[in-house]
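Please model the complete structure; the sequences and the hints are all you need to start from.
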Amino acid sequence: METITTKLGGRPKKYDQIAYFGLKMKPEDKLYLQLLAKAEKKPASTIIVELVHKACEEKNITLGIAKTKKRMPAREFLALPIEEQEKILREQANVMVKNYEVIEDNQQLLDY
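Quick note: the sequence shown, position 73, residue 73 per my numbering, numbers continuous.
Incorrect hints may appear among the rest.
Heads up, simulated BS3-like pairs for lysine-lysine below, C-alpha to C-alpha not over 30 Å straight-line [stated by the list, open to error]:
no., residue 1, residue 2
1, Lys54, Lys24
2, Lys41, Lys59
3, Lys59, Lys38
4, Lys59, Lys98
5, Lys41, Lys87
6, Lys38, Lys26
7, Lys42, Lys24
8, Lys26, Lys59
9, Lys24, Lys38
10, Lys98, Lys70
11, Lys54, Lys70
12, Lys41, Lys30
13, Lys54, Lys38
14, Lys70, Lys59
15, Lys54, Lys26
16, Lys30, Lys42
17, Lys54, Lys30
18, Lys30, Lys59
19, Lys26, Lys42
20, Lys59, Lys24
21, Lys42, Lys87
22, Lys42, Lys54
23, Lys98, Lys87
24, Lys87, Lys70
25, Lys41, Lys24
26, Lys41, Lys26
27, Lys54, Lys41
28, Lys59, Lys42
29, Lys98, Lys54
Here are the computed distance ranges between Cβ atoms for each label pair [to be verified]:
no., residue 1, residue 2, range
30, Asn94, Glu58, 22 to 28 Å
31, Leu31, Lys98, 38 to 44 Å
32, Leu31, Lys70, 37 to 43 Å
33, Val52, Met72, 29 to 35 Å
34, Lys41, Gln85, 29 to 35 Å
35, Leu36, Glu84, 41 to 47 Å
36, Glu58, Lys87, 28 to 34 Å
37, Met25, Asn60, 24 to 30 Å
38, Leu51, Pro27, 17 to 23 Å
39, Lys30, Leu80, 48 to 54 Å
40, Lys42, Ala79, 38 to 44 Å
It should be emphasised that the hints constitute simulated quantities derived from the structure, not laboratory data.
The structure displayed is predicted, hence computed values, not measured ones.
By construction, the Cβ of each residue, glycine as well, lies at the ideal position given by its N, Cα and C atoms.
In structure tokens, the structure reads:
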């Protein structure tokens, strides 16, 4: 395997090539993707993933996993009123339960 690195973070070159995903594309589609990757200054693989995420958002397709928020320092959390602290803790507990249910459902599918 060729390990020539690129300007985009020192990854092996194969990760920046369009064929890495094994997509069957027309030559003009590959050219469009290459041009878009150059314009965005990102690897083609990143462009493809971003387009997939954007399409999923437009169609409201989710994995049931909540988006992460910036972690709140303990000092800020403790400065909040008790009601607000309880609300935040309840939200975190609900997210944990939902994520656990998704993991449990996926495990059942794998076991099946």
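Results of checking the hints against the structure:
The hinted pair formed by Lys54 and Lys24 meets the criterion: a straight-line CA distance of about 21 Å does not exceed 30 Å. Note on Lys41 and Lys59: the hinted pairing holds, with a Cα-Cα distance of about 27 Å set against a maximum of 30 Å. This hinted pair checks out: Lys59 and Lys38 have alpha carbons roughly 27 Å apart, not beyond 30 Å. For the suggested pair Lys59 and Lys98, the alpha carbons sit about 21 Å apart, so the restraint of at most 30 Å is met.
Between Lys41 and Lys87 the alpha-carbon distance is near 42 Å, which puts this suggested pair outside the 30 Å criterion. Of the pairs offered as hints, the one joining Lys38 and Lys26 holds, with about 19 Å between alpha carbons and a cut-off of 30 Å not exceeded. Taking the CA atoms of Lys42 and Lys24, the gap is near 21 Å; set against the 30 Å cutoff, the hint holds. For the suggested pair Lys26 and Lys59, the alpha carbons sit about 25 Å apart, so the restraint of at most 30 Å is met.
Simply put, Lys24 and Lys38 have alpha-carbon atoms about 20 Å apart, close enough for the 30 Å limit, and the pair holds. Pair hint Lys98 plus Lys70 holds up; C-alpha atoms about 19 Å apart against a cutoff of 30 Å. Taken as a hint, the Lys54 and Lys70 pair is honoured in the structure, with Cα atoms around 22 Å apart against an allowance of 30 Å. With a C-alpha separation of about 16 Å, the suggested pair Lys41 and Lys30 falls inside the 30 Å cut-off, and the hint holds.
As the CA atoms of Lys54 and Lys38 are separated by approximately 19 Å, the hinted pair is consistent with the 30 Å bound. As the CA atoms of Lys70 and Lys59 are separated by approximately 26 Å, the hinted pair is consistent with the 30 Å bound. Using a Cα cut-off of 30 Å, the hinted pair Lys54 and Lys26 holds, with the two alpha carbons roughly 22 Å apart. A threshold of 30 Å between alpha carbons decides the hint, and for Lys30 with Lys42 the separation of about 15 Å falls inside it, so the pair holds.
With a CA separation close to 19 Å, the supplied pair Lys54 and Lys30 stays within the 30 Å bound. A threshold of 30 Å between alpha carbons decides the hint, and for Lys30 with Lys59 the separation of about 25 Å falls inside it, so the pair holds. In summary, the hint linking Lys26 to Lys42 is supported, as the alpha carbons are separated by about 21 Å, within the 30 Å threshold. At roughly 24 Å between alpha-carbon atoms, Lys59 and Lys24 fall within 30 Å of each other, so this suggested pair holds.
Distance check on the hinted pair: Lys42 and Lys87 sit about 40 Å apart at the alpha-carbon level, beyond 30 Å; violated. Taking the CA atoms of Lys42 and Lys54, the gap is about 16 Å. The hint holds against a cut of 30 Å. Proposed proximity of Lys98 and Lys87 is supported: the alpha carbons are some 17 Å apart, at most 30 Å. About 16 Å separates the Cα atoms of Lys87 and Lys70, which keeps this hinted pair within 30 Å; it holds.
Restraint check: the Cα-Cα separation between Lys41 and Lys24 comes to about 23 Å, which is no more than 30 Å; the hinted pair holds. Note on Lys41 and Lys26: the hinted pairing holds, with a Cα-Cα distance of about 22 Å set against a maximum of 30 Å. Proximity of Lys54 to Lys41 is assessed by CA-CA distance (about 18 Å); at most 30 Å being required, the pair is judged to hold. Restraint check for Lys59 and Lys42: satisfied, since their Cα atoms lie roughly 25 Å apart, inside the 30 Å limit.
Under the criterion of a C-alpha separation no larger than 30 Å, the hint pairing Lys98 with Lys54 is consistent with the structure, at around 23 Å. Remark: the range hint 22 to 28 Å for Asn94 to Glu58 is upheld by a beta-carbon distance near 26 Å. Taking 38 to 44 Å as the suggested C-beta distance range, the pair Leu31 and Lys98 conforms, at roughly 42 Å. As the Cβ distance of Leu31 to Lys70 is approximately 39 Å, the hint placing it in 37 to 43 Å holds.
One distance hint, 29 to 35 Å for the beta-carbon pair Val52 and Met72, holds here, with the actual separation near 31 Å. In this structure, Lys41 and Gln85 break the distance hint of 29 to 35 Å, their C-beta atoms being roughly 43 Å apart. Checked against the hint of 41 to 47 Å, the pair Leu36 and Glu84 passes, with Cβ atoms roughly 44 Å apart. For Glu58 and Lys87, the Cβ-Cβ distance of about 31 Å falls inside the hinted range of 28 to 34 Å, so the restraint holds.
One distance hint, 24 to 30 Å for the beta-carbon pair Met25 and Asn60, holds here, with the actual separation near 27 Å. Checked against the given bound of 17 to 23 Å, the beta carbons of Leu51 and Pro27, roughly 19 Å apart, stay inside it. In this structure the supplied range 48 to 54 Å holds for Lys30 paired with Leu80, their Cβ-Cβ distance being about 52 Å. At about 40 Å, the beta-carbon gap between Lys42 and Ala79 stays in the expected band of 38 to 44 Å.
The structure fails hints 5, 21 and 34 (numbered hints given earlier, in ascending order).
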